[in-house]
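Please arrange chain A on chain U, whose structure you already have, making use of the hints.
Protein chains: 2
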Amino acid sequence: MSTQFDHVSVIKKSNIFFDGKCVSHNIIFPDGTKKTIGVIFPSSLTFGTGAPEIMEINGGKCRVRQKDGEWQTYEAGQRFQVPGNSSFDIETLETVDYVCHFG
Amino acid sequence: MSTQFDHVSVIKKSNIFFDGKCVSHNIIFPDGTKKTIGVIFPSSLTFGTGAPEIMEINGGKCRVRQKDGEWQTYEAGQRFQVPGNSSFDIETLETVDYVCHFG
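Those protein sequences? They're chains U and A, same order as listed. FYI, in full-length UniProt numbering the residues of the first sequence are 1 to 103. FYI, in full-length UniProt numbering the residues of the second sequence are 1 to 103.
Just chain U, same shape as in the assembly:
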């Protein structure tokens, strides 16, 4: 798996959510699709989704519970998919480094 994205645009301004517990930057691909790269610091948060998304975990450790689902643990090298118009609870045990893929 590649450690970087090439030939992309990066929005300079960061996205800061949940009082700084989550920080991300937006990346735009040549075909117009978007991903975000960021971190989630140790916390218990609930994220809502608009579009379906795939969360790729590149560092750290978290437990995730999808809407009406069971808790599952994810670490570096793992990913999980979240449907659109849904939500997931995430308990970050060790600071998570992630890429979020949309669409």
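Be aware that one or more of the hints could be misleading.
One copy or two, either will do: identical chains are not told apart, so a pair holds if it fits within one copy or between any two.
What the hints assert, rightly or not - Here are the computed lysine-lysine pairs in the BS3-like style, where the Cα-Cα straight-line distance is at most 30 angstroms:
#1 Lys12 x Lys67
#2 Lys12 x Lys61
#3 Lys34 x Lys67
Everything labelled a hint here was simulated from the structure, so no lab data went into it.
The following block gives chain A in isolation, referenced to the frame of chain U:
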């Protein structure tokens, strides 16, 4: 001033400094030069420099004291230059959104 960088590579893995008080991502330009984009949360920190750098502040508010210098306040739209092999103290009053230019 452009709000984004185009035709660049972005390293997926974040850089986390000072227990999460500073989070950044590395961006590589076609000519091989590097910049980082990131945030600094409210804190009092000292950053060392290897290469000379320019800190471009795109959000928030901070006070900065260069080595042997006076405190100066910087806000969105301002920038300051730091020599190589030096350091600066930064007191972040409101979360700072920045681009760091090297070389």
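Intra/inter-copy verdict for Lys34 and Lys67 if alpha-carbon distance must be at most 30 angstroms: within (24 angstroms within a copy, 41 angstroms between copies)
Alpha-carbon proximity between Lys12 and Lys67, which holds within one copy, between copies, both or neither at 30 angstroms: Cα proximity of Lys12 and Lys67: across copies only (28 angstroms, versus 33 angstroms in one copy).
Homo-oligomer pair classification [Lys61, Lys12; C-alpha up to 30 angstroms]: Cα proximity of Lys12 and Lys61: in one copy and across copies (27 angstroms, 17 angstroms).
Every hint from the earlier list agrees with this structure, and none is contradicted.
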